[in-house]
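The listed protein sequences correspond, in order, to chains B and F. Under our numbering, think of the first position of the first sequence as 1, with each following residue one higher. Under our numbering, think of the first position of the second sequence as 1001, with each following residue one higher.
To be clear, the hints were calculated from the coordinates, so they are not data collected in a lab. Yeah, the Cβ is synthetic: ideal placement off N, Cα and C, and Gly gets one too. Hints may be right or wrong, so weigh each one.
Claimed, not checked - Label pairs and their computed distance ranges (CB to CB):
#1 F:Gly1059 <-> B:Arg81: 24 to 32 Å
#2 F:Glu1003 <-> B:Lys57: 14 to 22 Å
#3 F:Gln1070 <-> B:Arg22: 34 to 42 Å
#4 F:Ala1068 <-> B:Ser58: 37 to 45 Å
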Amino acid sequence: DTGVSQDPRHKITKRGQNVTFRCDPISEHNRLYWYRQTLGQGPEFLTYFQNEAQLEKSRLLSDRFSAERPKGSFSTLEIQRTEQGDSAMYLCASSRTVSSYNSPLHFGNGTRLTVT
Amino acid sequence: QKEVEQNSGPLSVPEGAIASLNCTYSDRGSQSFFWYRQYSGKSPELIMFIYSNGDKEDGRFTAQLNKASQYVSLLIRDSQPSDSATYLCAVSFQGGSEKLVFGKGMKLTVNP
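Same shape as in the complex, but just chain B:
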């Protein structure tokens, strides 16, 4: 079990630039989630995939944000035209649907984004 892997760990970008983050879930996990966490807050749900299908998107996910999970494996989260308010830790998590009650989320180490 290699855990959930996220890349990069840190990203500093200038306002208006586009950024893309990658997440590799635990290999047998078919669900993949993106969350965002700011200082002093709990993680906020952004979106999730079951296999390659994006099943839900939060209203937090503006049209500048897009997520993909081609082939149901790794996922990417892209933010276009970044704003200072996008500065946060972006967390990826995965889980395996064994039954509807036995799928705790396992988080990656996160990508910390700083928009200057």
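Got chain B; can you put chain F on it based on the hints?
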């Protein structure tokens, strides 16, 4: 709006004491309840999950669920300085872990 509330803390306890962390949730139909520990600058780490009313014990940790009161708690016995972290309560409002909703977290400090 489905909400999860935690006392913001911080909570400070001496080493060896019992730390009690509490959480309430807004949706009576909630199914699954989780406690995560988050060290500063790190990602959340799953500690416990509970689905049924009552207590669930794992080592020094006990999760307690009372669905009638919409209340879930985490007890840490024999607290250690290494338990110092932020503890996040998370609730799934559907059957499974789609869209976990997290509380803001409670910062616990265990003093040697």
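Right, here's what the structure says about each hint:
Between Gly1059 (chain F) and Arg81 (chain B) the CB atoms are about 47 Å apart, so this pair departs from the stated range of 24 to 32 Å. Taken as a hint, the range 14 to 22 Å holds for the pair Glu1003 (chain F) and Lys57 (chain B), whose Cβ atoms sit roughly 20 Å apart. The hinted window of 34 to 42 Å between Gln1070 (chain F) and Arg22 (chain B) holds, with their beta carbons roughly 38 Å apart. Judged by the Cβ atoms, the range 37 to 45 Å given for Ala1068 (chain F) and Ser58 (chain B) is violated: they are separated by roughly 30 Å.
Violated hints for the displayed structure, listed by number in ascending order: 1, 4.
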